[in-house]
Amino acid sequence: MSRRVGVVRFPGTNCEFDTVDAINALGGQAEVLWHSASDLRNVDAIVLPGGFAHGDYLRCGAIARFSPIMETIAAFARNGGPVLGICNGFQVLTEAGMLPGALQKNVGLKFLCGMEQIEFVSTSNIIGVGASAGELLNIPINHFEGNYVCSDETLKELEEENRIVFRYIDNPNGSIGDIAGVSNEQGNVVGMMPHPERATSTILGSNDGSRLLESLLGAQQVTPT
Amino acid sequence: MDRRELVRFEVKVEVLPREGIANPEGSTIERALPALGFETAGDVRVGKVIRLQVEADSAGAAKTIVEDMCKRFLSNPVIEDTTVEVLNA
Chain X
1 MSRRVGVVRF PGTNCEFDTV DAINALGGQA EVLWHSASDL RNVDAIVLPG GFAHGDYLRC
61 GAIARFSPIM ETIAAFARNG GPVLGICNGF QVLTEAGMLP GALQKNVGLK FLCGMEQIEF
121 VSTSNIIGVG ASAGELLNIP INHFEGNYVC SDETLKELEE ENRIVFRYID NPNGSIGDIA
181 GVSNEQGNVV GMMPHPERAT STILGSNDGS RLLESLLGAQ QVTPT
Chain V
226 MDRRELVRFE VKVEVLPREG IANPEGSTIE RALPALGFET AGDVRVGKVI RLQVEADSAG
286 AAKTIVEDMC KRFLSNPVIE DTTVEVLNA
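If you're matching them up, the sequences are chains X and V in order.
Residues in the first sequence are numbered consecutively from 1, following the numbering used here.
Residues in the second sequence are numbered consecutively from 226, following the numbering used here.
So that you can see chain X by itself, here it is in the shape it has in the complex (with noise of 0.2 Å):
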């Protein structure tokens, strides 16, 4: 597989490497597109890491979609092409108005940085490829903005569309519905609090992340409808 995946980096991300590294581990040709350029150099599909994008100033995620990048990488999107956000990537998507809701400060004021257990609820898109609802995954979360929020409607928008991809099994954060993780109607852009990048080890406790970012390299570009 030689799959070419672009990881962003904004100023403030801190999540690249370990991104990169976990693609190109699994067979995936990674490279950083940095965030001024507007050329996303015929990738395949696109990561979105963690960090703190612009410092996360004004909110979590606000400033990045004014990056240059960002607008080709809408337009990427709304081609179809595969677009997934992890952590400060999920809250950016949010802000851009890529993907509904909003991630908020996690109840109780904690910092979580801990393995989550999530059940994978839906599966059609791509990071579900040969996955099945009700599979359970140990992946690890770090954040102090990730509950989830969104208005009633959007989650029923969301159960109705099958569009809610993971569920914490103990919500760690207060997200609304054990949230962890959605997508776009299409299937082809996903956010997700935990870090799929940091589960690419059994002996670092867990292997499940892997076959999330394989079923990226596999995702095909789905029709624009």
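These aren't lab readings, by the way, just hints derived from the structure by calculation.
Do not rely on the hints blindly, as some may be mistaken.
[Said to hold, decoys possible] Okay, the calculated beta carbon distance ranges per label pair:
#1 Glu-310(V) / Glu-31(X): 44 to 50 Å
#2 Lys-110(X) / Leu-312(V): 49 to 55 Å
#3 Asp-39(X) / Gln-278(V): 35 to 41 Å
#4 Trp-34(X) / Ser-283(V): 41 to 47 Å
#5 Thr-289(V) / Ser-201(X): 52 to 58 Å
#6 Asp-306(V) / Leu-109(X): 33 to 39 Å
#7 Ser-151(X) / Asp-268(V): 18 to 24 Å
#8 Ala-25(X) / Gly-245(V): 42 to 48 Å
#9 Leu-312(V) / Gly-114(X): 42 to 48 Å
#10 Ser-201(X) / Gln-278(V): 49 to 55 Å
#11 Gly-134(X) / Phe-263(V): 26 to 32 Å
Think of the CB as a built atom: it goes at the ideal place given N, C-alpha and C, for glycine as much as any other residue.
Based on these hints, arrange chain V on the given structure of chain X.
Just chain V now, with coordinates in the frame of chain X:
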């Protein structure tokens, strides 16, 4: 429009978590207040204040401009409400 007609307005934007959205900072402060004897405090909510200056031809126009900023950038309408006040109206 002739720029000389524009006036510089000082505007204050108050951003608060929307009604019904959990505000853990507010609840923590609320729980702490009785320890200092402030037994009657309630409904504590913590948000932020943004102060800025904007040029406009009237206070109303300044408010409209800043309200547009709030909708598109300064707040996230999914979780936050804003109040805009022109201080030198």
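Now the hints, each set against the structure:
1. Glu-310(V) / Glu-31(X): 44 to 50 Å: Since Glu-310(V) and Glu-31(X) have Cβ atoms about 48 Å apart, the given range 44 to 50 Å holds.
2. Lys-110(X) / Leu-312(V): 49 to 55 Å: With a Cβ separation near 37 Å, Lys-110(X) and Leu-312(V) fall outside 49 to 55 Å, so the hint is violated.
3. Asp-39(X) / Gln-278(V): 35 to 41 Å: holds (37 Å)
4. Trp-34(X) / Ser-283(V): 41 to 47 Å: holds (43 Å)
5. Thr-289(V) / Ser-201(X): 52 to 58 Å: holds (55 Å)
6. Asp-306(V) / Leu-109(X): 33 to 39 Å: violated (21 Å)
7. Ser-151(X) / Asp-268(V): 18 to 24 Å: holds (22 Å)
8. Ala-25(X) / Gly-245(V): 42 to 48 Å: holds (44 Å)
9. Leu-312(V) / Gly-114(X): 42 to 48 Å: Holds, at about 46 Å.
10. Ser-201(X) / Gln-278(V): 49 to 55 Å: holds (53 Å)
11. Gly-134(X) / Phe-263(V): 26 to 32 Å: violated (49 Å)
Hints 2, 6 and 11, counting from the list given before, are not met by this structure.
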